[in-house]
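S.K.: Sequence:
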Amino acid sequence: MPKSYSQDFQEEVIKCVNQGKSCNAASVKFDIAANTVRNWYKRYKSEGHY
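With the sequence shown counted from 1, adding 28 to any position gets you this note's numbering.
Careful: at least some of the hints might be erroneous.
Unchecked claim - Lysine-lysine pairs mimicking BS3-like chemistry, simulated, CA-CA at most 25 Å apart:
{"hint": "1", "residue 1": "70", "residue 2": "43"}
{"hint": "2", "residue 1": "43", "residue 2": "73"}
{"hint": "3", "residue 1": "57", "residue 2": "70"}
{"hint": "4", "residue 1": "70", "residue 2": "49"}
{"hint": "5", "residue 1": "70", "residue 2": "31"}
{"hint": "6", "residue 1": "49", "residue 2": "73"}
{"hint": "7", "residue 1": "43", "residue 2": "57"}
{"hint": "8", "residue 1": "73", "residue 2": "57"}
{"hint": "9", "residue 1": "31", "residue 2": "43"}
{"hint": "10", "residue 1": "31", "residue 2": "57"}
{"hint": "11", "residue 1": "73", "residue 2": "31"}
Hints in this document: simulated from the structure, not taken from any laboratory. On a predicted model such as this, the values are computed, not experimentally measured, just so you know.
Build the full structure now, drawing on both the sequences and the hints.
M.R.: Structure, rendered in structure tokens:
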């Protein structure tokens with residue numbers, strides 16, 4: 029079963045990417061999978077939420 033992350037945590041990760049970090053760099057910083065960051069960022073860009 030996939031791990032569940034809080035809304036606040038997801039916001040912090042997306043803020044990091046919006047400030048210029050790559051999805052890979054953000055995944056290392058927050059110790060999560062790069063694919064997870066990419067999926068959150070794509071959803072944020074297309075739907076406006078995390």
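S.K.: Going straight from one Cα to the other, do residue 70 and residue 49 come out at no more than 25 Å?
M.R.: 15 Å, holds
S.K.: Are the Cα positions of residue 49 and residue 73 separated by 25 Å at most?
M.R.: 15 Å, holds
S.K.: Check whether the Cα positions of residue 31 and residue 43 lie no farther apart than 25 Å.
M.R.: 20 Å, holds
S.K.: Is it true that the CA of residue 43 sits at most 25 Å from the CA of residue 73?
M.R.: Roughly 12 Å between the alpha carbons, so the hint for residue 43 and residue 73 holds.
S.K.: Holds or violated: are the alpha carbons of residue 43 and residue 57 at most 25 Å from each other?
M.R.: With Cα atoms ~12 Å apart, residue 43 and residue 57 stay inside 25 Å; holds.
S.K.: Does residue 57 sit within 25 Å of residue 31, going by the straight-line distance between their CA atoms?
M.R.: 17 Å, holds
S.K.: Residue 73 and residue 57 were given as a pair; does the straight-line alpha-carbon distance stay at or below 25 Å?
M.R.: 21 Å, holds
S.K.: Next pair to validate is residue 70 with residue 43; report whether the Cα-Cα distance is within 25 Å.
M.R.: Cα-Cα ~13 Å, so holds.
S.K.: Holds or violated: are the alpha carbons of residue 57 and residue 70 at most 25 Å from each other?
M.R.: Holds, at about 19 Å.
S.K.: So if I understand the rule, the pair passes when the alpha-carbon distance is 25 Å or less; does residue 70 with residue 31 pass?
M.R.: With a Cα-Cα distance of about 19 Å, the restraint between residue 70 and residue 31 holds, given a limit of 25 Å.
S.K.: Verify the proposed pairing of residue 73 with residue 31, using a straight-line Cα cut of 25 Å.
M.R.: Roughly 22 Å separates the two Cα atoms, so the pair holds.
No hint from the list above goes unmet by this structure.
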